[in-house]
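Q: Starting from the known structure of chain A, fit chain B with the ligand onto it as the hints suggest.
One line per chain: the protein sequences are A and B, in this order.
If you're matching positions, the first sequence starts at 1 in the working numbering and goes up one per residue.
If you're matching positions, the second sequence starts at 1 in the working numbering and goes up one per residue.
Be aware that one or more of the hints could be misleading.
Now the in silico label distances, taken between C-beta atoms and shown as ranges [unchecked claim]: (1) B:Gly415 with A:Asp357: 32 to 40 Å; (2) A:Val242 with B:Arg112: 44 to 52 Å; (3) B:Val236 with A:Pro350: 46 to 54 Å; (4) B:Val443 with A:Asp297: 58 to 66 Å; (5) A:Gly371 with B:Arg331: 38 to 46 Å.
If you're looking for bench data, these hints aren't it; they were derived computationally from the structure.
Being a predicted model, the structure only gives us computed values, none of them experimental.
The C-beta atom is built at its ideal place from N, Cα and C for all residues, glycine as well.
Below, each chain spelled out in residue letters.
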Amino acid sequence: MPPQHPVDLPDSRLAALRGPRPPQPYTARKITALTANPACSRRAVLDAVGIDKALLAQRMGYEPRFGQSPFALAREQAFEALVKWGGYAELIRLLREQLGIPVEEAGVTDLNEVGGDTSLARRVKETRGLLTRLASGSDERLILDRPLLTLEVAGQTAYLAPQALTHRVGGKFYVAEIRSFPAIDGQANPTAVAQTAKQAAVSVLALHRTFEELNLDPEQIAHEFLLICPKDFSNRPYGRLVDLRQELDALRFQLTRLRRADDLALALPPSATLDTDRDVDELDSSVGALDASYTPDCLSFCEMARYCRDEATTCASPTRLGGTVRNTLPGVDSTRTTLAYLDGVHAPGPAEAAAIDRLRAAERLRRLRRGGAA
Amino acid sequence: MSTLAAVAALRATETGRAERLTTVRHTHLDDGPFVLVPLTLAGEACAPLAALAGTDRERPTLLTVRQPRDRAERFRFAERLAALLLPYIDQCRTAETETYTVGRGAEKEERRRLLRAPQLLVPGGEGIAYVRLLGRLTRLRAVEGPYAVDPSVPALGKWLTWFADRAEFTGSCLLQALTRLLSAHWATGQSPAEDSHLASLLAWIDPPDGLTGAQAAREAEDPLRFPPAGPATDVVFDQTLHDLMSRYDEAANGRGREAVGRQIDRELRGQMLPTWELVWRGVDLLRELPEGRHVAERWAYDRRLFSEYAAYLDEDGRPQARRDHAVGAARRLARMEEAMARYDAERAFDDPLVMAEYELSGEAFTGLVVARDEDRFAPGTRPGSMVWRPTITVRSELPVRLTAGKEVKCPARPGQKAEIVEVVPDCEGHTVVIQLNGGFNRVRKPPAPPGTLAEIGETVTYTSVDPKSMPSVLPAEEDTPWTHGGPPKPYEPTAEDAEEIWE
Ligand code: SF4
Chain A
1 MPPQHPVDLP DSRLAALRGP RPPQPYTARK ITALTANPAC SRRAVLDAVG IDKALLAQRM
61 GYEPRFGQSP FALAREQAFE ALVKWGGYAE LIRLLREQLG IPVEEAGVTD LNEVGGDTSL
121 ARRVKETRGL LTRLASGSDE RLILDRPLLT LEVAGQTAYL APQALTHRVG GKFYVAEIRS
181 FPAIDGQANP TAVAQTAKQA AVSVLALHRT FEELNLDPEQ IAHEFLLICP KDFSNRPYGR
241 LVDLRQELDA LRFQLTRLRR ADDLALALPP SATLDTDRDV DELDSSVGAL DASYTPDCLS
301 FCEMARYCRD EATTCASPTR LGGTVRNTLP GVDSTRTTLA YLDGVHAPGP AEAAAIDRLR
361 AAERLRRLRR GGAA
Chain B
1 MSTLAAVAAL RATETGRAER LTTVRHTHLD DGPFVLVPLT LAGEACAPLA ALAGTDRERP
61 TLLTVRQPRD RAERFRFAER LAALLLPYID QCRTAETETY TVGRGAEKEE RRRLLRAPQL
121 LVPGGEGIAY VRLLGRLTRL RAVEGPYAVD PSVPALGKWL TWFADRAEFT GSCLLQALTR
181 LLSAHWATGQ SPAEDSHLAS LLAWIDPPDG LTGAQAAREA EDPLRFPPAG PATDVVFDQT
241 LHDLMSRYDE AANGRGREAV GRQIDRELRG QMLPTWELVW RGVDLLRELP EGRHVAERWA
301 YDRRLFSEYA AYLDEDGRPQ ARRDHAVGAA RRLARMEEAM ARYDAERAFD DPLVMAEYEL
361 SGEAFTGLVV ARDEDRFAPG TRPGSMVWRP TITVRSELPV RLTAGKEVKC PARPGQKAEI
421 VEVVPDCEGH TVVIQLNGGF NRVRKPPAPP GTLAEIGETV TYTSVDPKSM PSVLPAEEDT
481 PWTHGGPPKP YEPTAEDAEE IWE
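Chain A on its own, in the form it takes in the complex (with noise of 0.2 Å):
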């Protein structure tokens, strides 16, 4: 394990890059998002400065189309209320179900507030103490409604609430997270299970931190988290385990490498600012100077991705075309020299002769067998 507190981290680059503005903080969403695209430099240092990523895409001409719907959100909200409501009733009827044991006299912690104290510390702390006394080997059957658990993030306190979090089951906790999205016929949309997956993954990972900063023993940390979500096209709630292991391998290694992330904003000139206030040329020139990775999945997660893609389209990037295309020009970085191979502009290296070769014979098929396809 590597050391838990980064407490040494140059901060001070990262905060003079930022400028006057207080840091974002990290979110499950930001910490998810960075596992969909380890590759990226630049969102790493956006990240680690604490940037509006929103907002600097905006400043520089790029308005992202992000956001929630109201009927989306109206909707989570009353999902979760619904398995909330009448004393948890049917988040018991779940835990029974799925988890196989008695809990019917178990009780719940509502960790939203602290005897009406709201802030991050007083809940943080409640949450902690709670733990301790549940994995030290009290017997108490409890749940906990949104517990409020810390993670170090590249320097910077991540603060994460899953909806619940179960007393320990067969020696277990486990985090449970209610979704709106429905499963139909047992079968919920992937591309949704995964995303709440890594949601859950990154609830896990700051459980097992905590676990260790108390000394318990993370070993009573469930590798799997119950999803809750609307049966078919009722409210009825359904719940499934799902395994979280490879979520956790991936989220851990990329908190690794974020850590550097002070070291990758180093190699930025001194006059370097993301300062969202700034000019827009300044922004733009110091944007520029972080190495990124555009593919086209970004257009779905990140924030930049209409910038990264003009970028990337700029300096003719085969990823812009997707993975395909991208494998079947190994060892070549732009589509522009990839044609000016082919138009014989150029001559090609031998580490690329053997894909241009293939590109120049199907090139040349196409030419003879295009008969009358304009």
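A: Just chain B with the ligand now, kept in the frame of chain A:
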């Protein structure tokens, strides 16, 4: 994606226009397809919000749900869609029929199939998923009891489910998504993810004057000009809609309510109309391509399945089960793989540009006939017998990777069996001797009937790919061995299937 398609995509980045991937159209396009552009309410499991639908390009029917959270409203939507789609299906059911033969030899049987079948077009792949979900939502509804719906609702559900099931089979044209059709025929200079956006895909294929495909595609991403093709809505639009729906719910009286209701309808129509037009524009572009040779044959198969399902509904009519049983699922998977292999082979036979991919991989070659031996006889299977086996010799400039003994076919003479006798490489290509094992209109000795034997100087293509390769034989469902659980029990709808809890 194939290497040829990758080259096409590269060239598209250079020319600024989509590049053709095919020389012909590989899909059936009906003269009067039924187009469906649906929208659903965000956050819900298939809560229909609106649709533009119909077969008349100039006059789409607008269906809207002003309060989609209301269950009764959802099924009223289904009822209204059924009132459009079912008559269209019925028209096809009353069409003329034709005779066709199944099986061969002693098992030969004559059957009849309808000359028309319905064709349903949606904007994109998500539209197909929507058809499946709406089918699932409606086909199991009860027409009596506490949550009774109109009988047209489960009828719609069964048809939609049938369409969605068929859409999983490559080459079936009953339910098609325009983005998939278009990207099967053109390569753009953008990623497949971006190609799933109908407006930007069309921008590459047919950019407006003065713009490159890339520029036009960027403009097409503006949700104000080209709202999402659905069924998911635009987030910003949702805010507008949310406000309107709240006003609708809070309206003081019926007249005020109706006024807001009409405004909701207008907004929804505005969101769908650009997509409606794009779908038809896509249809136009596809129509301009000449139809591939096997297309009619595949459509005839679609018509056959349509006739069979229509007959099944008349005789039995039970809805499709919630889930396929294990035996059914295994059979289905095997059939899907076969459909895919057959479709790939047929496309290659119909289209030299598709065949080029097989040439590149060495499973096909093209060349000039340089010699032929029309009077050749070879030893037959019976001792001492000789059979007529003429040969042709083909020069290919590209290397040939097929070897002696391989059975091959020629798209120009698909009924002719042939086999490679010899492949001789030289410095400028390959010379291949091919023995012809039939396909002479039952003639058994020279001369060959005109046209059945390639002439010297003719360009021919030979390939090991064969669209007529026999499908694997699966035991009938009734004969499922007990080791596999025995014959599966037919699906019986239960009360639970029809029941949903609505809050
Ligand atoms: S969009 Fe840009 S910054 Fe975001 S992950 Fe992709 S490459 Fe990195």
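Q: Which numbered hints are broken by the structure, listed smallest first?
A: none
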